[in-house]
Amino acid sequence: MDKVLYIGMSGARENMLAQQAHANNLANATTKGFKADMAQARAMQVFGEGHPSRVYAMTERPATNMDSGTLIETGRKLDVAVQGDGWIAVQTPDGNEGYTRAGELQIDALGRVVTGSGLPVIGNGGEPIVVPPIEQIDIANDGGITIRPQGEGAAELILVDSIKFVNPEPGTLFKGVDGLMRTENQVPLPPALDVQIRSGYLESSNVNGVHELTNMITLARQFEMHIKMMKTAEENSSAAAKILQLS
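Add 117 to a position in the sequence shown, counting from 1, and you land on the number used in the numbering used here.
Derived from the structure by calculation, the hints contain no laboratory data.
Some hints could be false.
[To be verified] Derived pair list, reagent style BS3-like, types lysine-lysine, alpha-carbon separation capped at 30 Å:
no., residue 1, residue 2
1, Lys292, Lys194
2, Lys345, Lys120
3, Lys120, Lys348
4, Lys359, Lys348
5, Lys359, Lys345
6, Lys120, Lys359
Go ahead and model the full structure; you've got the sequences and the hints to work with.
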């Protein structure tokens, strides 16, 4: 069988994977703090018997667009948005540490400060932040959480903890299937004291809807081209079989 069939198949497969990545980006265009995924493949020569004259598509490790989204004012005291570089540390369901830019915080029934998806926010001490019953809560630009306990006067303010922020070197974080950023070795990063936030704001997704839709249209056309190539390989194979039958 002509190797062009495998080449067309590998190209169509990469187009399908890229379509999935761009479709996921488009679906999360309104998700707070979402970072768009990139999809890419490159041409690789086919080595084997004979001269490596053909190429096939091979997936390269996709990257994530780390550009910041725009800040949206909400006025809600538990909404926070990281300004510039930096990430909010949260505890993942498996007990490890993950990082997010989604700052739609809330307090659950156990008194823990959690994200909108229910993940506990980690303090600078390395443990989830827990607050007692409160009358008021404020989050400072450096992540410090100040509360007024329930039943106390206006002057009785307590600093319970500070949100742990990290600011790793570019390229050291990767996105998991749950959308959280992680380090390769799962070792928690040290706190970054220079990260600043804005209380009462949320960061929007950095997805460009027009760009994603244009890419999906382009990929659909490329997929059709690969299918035509596979059809041509089938026709060539059938013609060659007929010639052999005549001989």
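- [ ] Of all the hints given earlier, name the ones this structure violates by number, lowest first.
- [x] No numbers; nothing is violated.
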